[in-house]
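The residues making up each chain are set out below.
There are 2 protein chains.
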Amino acid sequence: MERLKARIRDIPDFPQPGVVFKDITPLMRDPAALRLAVHQLLHPFLGEQITAVAGMEARGFVFGALVAWELGVGFVPLRKPGKLPYEVHSVSYDLEYGSNTLEAHTDALTGEDRVLLIDDLLATGGTAAASCELVERLGAEVAGCAFVVELDFLGGRQRLRDYRIHSLVHY
Amino acid sequence: MERLKARIRDIPDFPQPGVVFKDITPLMRDPAALRLAVHQLLHPFLGEQITAVAGMEARGFVFGALVAWELGVGFVPLRKPGKLPYEVHSVSYDLEYGSNTLEAHTDALTGEDRVLLIDDLLATGGTAAASCELVERLGAEVAGCAFVVELDFLGGRQRLRDYRIHSLVHY
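Residue numbers (the working numbering), protein chains in the order written: chain C, 1 to 171; chain E, 1 to 171.
Check before you lean on any hint, since a few could be wrong.
Looking from chain E toward chain C, a few residues come up when the C-beta cut is under 7 Å (computed) [stated by the list, open to error]:
1) F21
2) D23
3) T25
4) M28
5) P31
6) E57
7) A58
8) F61
9) V62
10) L66
11) G72
12) V73
13) G74
14) F75
15) P85
16) H105
FRET-style restraints, in silico, Cβ to Cβ [stated by the list, open to error]:
17) E:E136 / C:D107: 39 to 45 Å
18) E:S90 / C:P31: 23 to 29 Å
19) C:E48 / E:G98: 42 to 48 Å
20) C:G155 / E:P44: 45 to 51 Å
21) E:S90 / C:R164: 39 to 45 Å
22) C:G139 / E:V20: 28 to 34 Å
23) E:D107 / C:S99: 32 to 38 Å
24) C:V20 / E:E141: 33 to 39 Å
25) E:N100 / C:S99: 21 to 27 Å
26) C:Y97 / E:G98: 24 to 30 Å
Calculated lysine-lysine pairs in the BS3-like style (CA-CA distance at most 25 Å, straight line) [unchecked claim]:
27) C:K83 / E:K5
28) C:K80 / E:K80
29) C:K83 / E:K80
30) E:K83 / C:K83
31) C:K80 / E:K83
32) E:K83 / C:K5
Honestly, the hints are just simulated from the structure, not real lab data. Just so it is clear, CB atoms sit at the ideal spot from N, CA and C, and this is done for glycine as well.
This is chain C alone, in the form it adopts within the complex:
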């Protein structure tokens, strides 16, 4: 995936000193790279009878919507608290400092759904694990999780060992 890596930019000391942020906006800006990324994200799941794609706010909305579109299924946004207007299920999870919450509409998925989760980044796996829990709370099945970038040294994959994980680019 060197073609994708060439469109991912290192930003030192963002969002805090000592962290090297992987900026995927150049990849979104390049239609050929974006097309490659989206097709590589969904490819392992083509035989999986996916019925919906869920994406995590906010960069997961870009890749998630495109994967849903290409699979011909609907898109379910997983959002930060207070953003979704209808009745929600919530899952909270710990971050290095503090905690976060993700919400989904209670009627977004049913027991018939097989869901592919999409985000741009797998880091510690906290967001992804909460997303899987949220999908299951709605009664649906997680068919897998796909990420553009995986930061191997943060061990997020271990936290998700019950799920099929697919990442395009590893650091």
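Given chain C, put chain E in place with the hints provided.
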């Protein structure tokens, strides 16, 4: 656009008492309705030689990414402050209570670009006007703005009278 209206849900008193929120998550969840919306969003601009699509965080990421994909051009995220890791231009604008800021990477667009702006909702036009200013600050041209929903009674279109405005569903 009755087919789209049938997938937009009224949520009374969200985000505050007296406001009826137009919930477009059922539209995103229905692949046929989503396909119709995306094709209707881009249709008037097919002859406009669009070189990039910009979408406003966060629901604009869903529709913006899909319009960019279908036009075969790149996607530029316009984000809330502190989210974009590289050098940014910022535009602040007033809300009914308080103010907001939108940011774009300084290298996201150039003087060669003709940009289509996409968001889910045209309300007072504050976010859209700031987005147009941001695109122009980067040296690019705004070819137009397209919205899934326009709240006519809020008069946002008057605030954007220098631009070509296209909305699918009016309330």
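Beta-carbon spacing of E136 (chain E) to D107 (chain C) - inside the hinted bounds 39 to 45 Å or not: The hinted range 39 to 45 Å holds for E136 (chain E) and D107 (chain C), with Cβ atoms some 41 Å apart.
Restraint outcome when E57 (chain E) is required to lie within 7 Å of chain C by C-beta distance: holds (5 Å)
Restraint check for K83 (chain C) with K5 (chain E), where alpha carbons must lie at most 25 Å apart: holds (21 Å)
Interface restraint verdict for P85 (chain E) against chain C (beta-carbon cut-off 7 Å): holds (4 Å)
Cβ distance range 21 to 27 Å for N100 (chain E) and S99 (chain C), holds or violated: holds (25 Å)
Satisfaction of the hinted span 24 to 30 Å by the C-beta atoms belonging to Y97 (chain C) and G98 (chain E): At roughly 26 Å between Cβ atoms, G98 (chain E) and Y97 (chain C) fall inside 24 to 30 Å, so the hint holds.
Status of the M28 (chain E) interface restraint (C-beta, 7 Å, chain C): With Cβ-Cβ at 5 Å, under 7 Å, it holds.
S90 (chain E) versus P31 (chain C) beta-carbon gap, inside 23 to 29 Å or not: holds (26 Å)
Range hint 32 to 38 Å (beta carbons of D107 (chain E) and S99 (chain C)) holds or violated: Holds - the Cβ-Cβ distance for D107 (chain E) and S99 (chain C), about 34 Å, lies within 32 to 38 Å.
C-beta pair V20 (chain C), E141 (chain E): status relative to the range 33 to 39 Å that was hinted: holds (35 Å)
Verdict for S90 (chain E), R164 (chain C) (Cβ pair) under range 39 to 45 Å: holds (40 Å)
Restraint outcome when G72 (chain E) is required to lie within 7 Å of chain C by C-beta distance: holds (6 Å)
Checked against the numbered hints listed earlier, the structure breaks none of them; every hint is satisfied.
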